[in-house]
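> If you want the building blocks of each chain, they are given just below.
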Amino acid sequence: MAGLADTVVKTFNGLKKDPLGMAGFVLVSLLLLATVFAAWLAPYDPFEIDVHDRLSYPSAAHWLGTDQLGRDILSRVLLGGQVALKVSLVAISVSMAIGFMLGMLAGFGPRWLDRVLVISFDTVRSFPTIMFALAVIALTGPSLNTVIGVIIVTSIPQYARVVRTQTQALRERDFILAERAMGASMLRILRDHVLPNIAAPMLILASMDVPAVVGMEAGLSFLGLGVSPPTPSWGSILNDGYSYLRNSPWPIIAAGLPLIAVTLGFTFFGESLRDIFDPKLRGRSE
Amino acid sequence: MNTPLLQIRDLSVSYRTGLGQLQALRHVSFAVPAGKIIGIVGESGCGKSTLISSIMRLFAPNAWVDNGSIVFRDKDLLGLSPDDMRYLRGNEISMVFQDPMTSLNPVLNIGRQMAGVQHRSSSSRADKRARSLMMLERVGIPDPASQLKRYPHQLSGGMRQRVAIAMALMTEPSLLIADEPTTALDATLEVQIIHRLQELQRDIGCSILFVSHHLGVIAELCDEVIVMYAGEVCESGPTRDVFFQPRHPYTQKLLECDPARIQQRTRQLPVIEGSLPNLVDLPQGCIFRQRCKHGIARCATERPLLAGDRHRTACHLSGTGS
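Line by line, the protein sequences give chains A and B. Using the working numbering, you'd call the opening residue of the first sequence number 1 and step up by one each time. Using the working numbering, you'd call the opening residue of the second sequence number 1 and step up by one each time.
These are calculated hints, taken from the structure and not from any lab test. Ideal Cβ placement from N, Cα and C applies to all residues, glycine included. Careful: at least some of the hints might be erroneous.
[Unchecked claim] Chain B side only, calculated, beta carbon under 10 Å to chain A, not exhaustive: (1) Pro61; (2) Leu88; (3) Gly90; (4) Met95; (5) Ala164.
I would like the entire structure built from these sequences, with the hints used as guidance.
As structure tokens, this is what we get:
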């Protein structure tokens, strides 16, 4: 456990030197707290309709105004954050778990298996994600689970490819050869030696993938293919706001800002983490 | 004479390369008797690593066994199923690698790696830990309990190699393959590690196949020595005989080149003229012919076979006392 404490200390020391990373970390923490405690923080019931107070501007009663049905936008945005977080958490962890397995198999297994897997990754990746999502949703009907499913299927190749490359690089390392010489099975080598060596870069990748997934969910919900009304999602709030843009810009601002905050926060944080744990990569993205 | 622990007969291994078939090992035969330390010397590219990977059966994907057998106890390793082979690795045969900087997993602490090596044992975590401590103590690591918590990068090269040796000997194997285990260490450490290995070998009673290109270490440590050149065994025998009465011209040259043997002050160290033959397109006759000063007509046409009783040489001239 000393290793974990060291890691945390190292992360904080690194963040202190990197103001953007620190800003990202603060943003991410605030977003996480806000969504986790959404039910307590929300001043109103996000489904409560008040036809007398529609499309109002921000006031002391409604900090972010109300939408076309007089529902409190702040409460809806908070709940929408929960949806976004749930989707990204489930989708990223499942696709990462599957990506890990397939990637390690491709990287460590026989060459024919590697070929088969890489071709299938490329096939999935060559599909435009939105088109794929539209096709699936046309078949199954809009629902949040379908959105999660589509995101999982389309993100697996991304993780699997990175895991595969890292596994291939590790495969020829002496300590893996040493383990094989000590009679360790493939499963043991992958679980005890390959996994801990590639977990850190994968977590960083995952943190940088959150904005993409949140954006995807918002996009599909904006098109009416994600959450079904009256459940709020940042995408569906944007869509409602878009229709009433002439009356009030506030629904768009209220749902758009957190989307931007998620993107900036996770990207800054992820990049900072990457720099802290892999200084070799620093500056390569510029 | 009792049967040797490991008996390699007429082993030929080649690699399939873009240029053709590279014959890395040709007709290699030797035996490792139980409880003995056998040294293998030879320059880079002489097939030492291929030989080791053949014994461990951890071949490169393009390696191919053309011929021969590797009999360990009474089993031909080349005929074993992958699972049976895997069972032997780490249990009966284990290995220490050349570079201790890369042979330990950088993200796991020593304790976890040492417990991991005992994956076949059903003993409790505490027992595994106790066994790890005992092994660390045996290889001469001070304060083993605190070392278990440390990561490889926190240890010096010598310490790491001791840990690697402790891990390899954890299961008390009957054969330890040491692939230049001291090459990456400095001279003082080298001596310490060699003596430690000798002690452990006596205690455990295992055989060691010690690969090195350091002649001094081989002379110090090994009971018998095998000299390899370009994928063939050119001379083998008891260390004393090979070192004091080398019969093969290559061995003679090799010993002349050992800096420890040079008496006069000189500007240039002696070298063996020429370079290794192309193993894809092998020359006829003796493999060492082009670099040998004593060549006779027969050398160009006929490959010399390993001949002799205990001290064996593959040279047409070996009988004539060149």
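> Now tell me if each hint is right for this structure.
Status of the hints after comparison with the structure:
no. : hint   : result
1   : Pro61  : holds, 7 Å
2   : Leu88  : holds, 7 Å
3   : Gly90  : holds, 3 Å
4   : Met95  : holds, 4 Å
5   : Ala164 : holds, 7 Å
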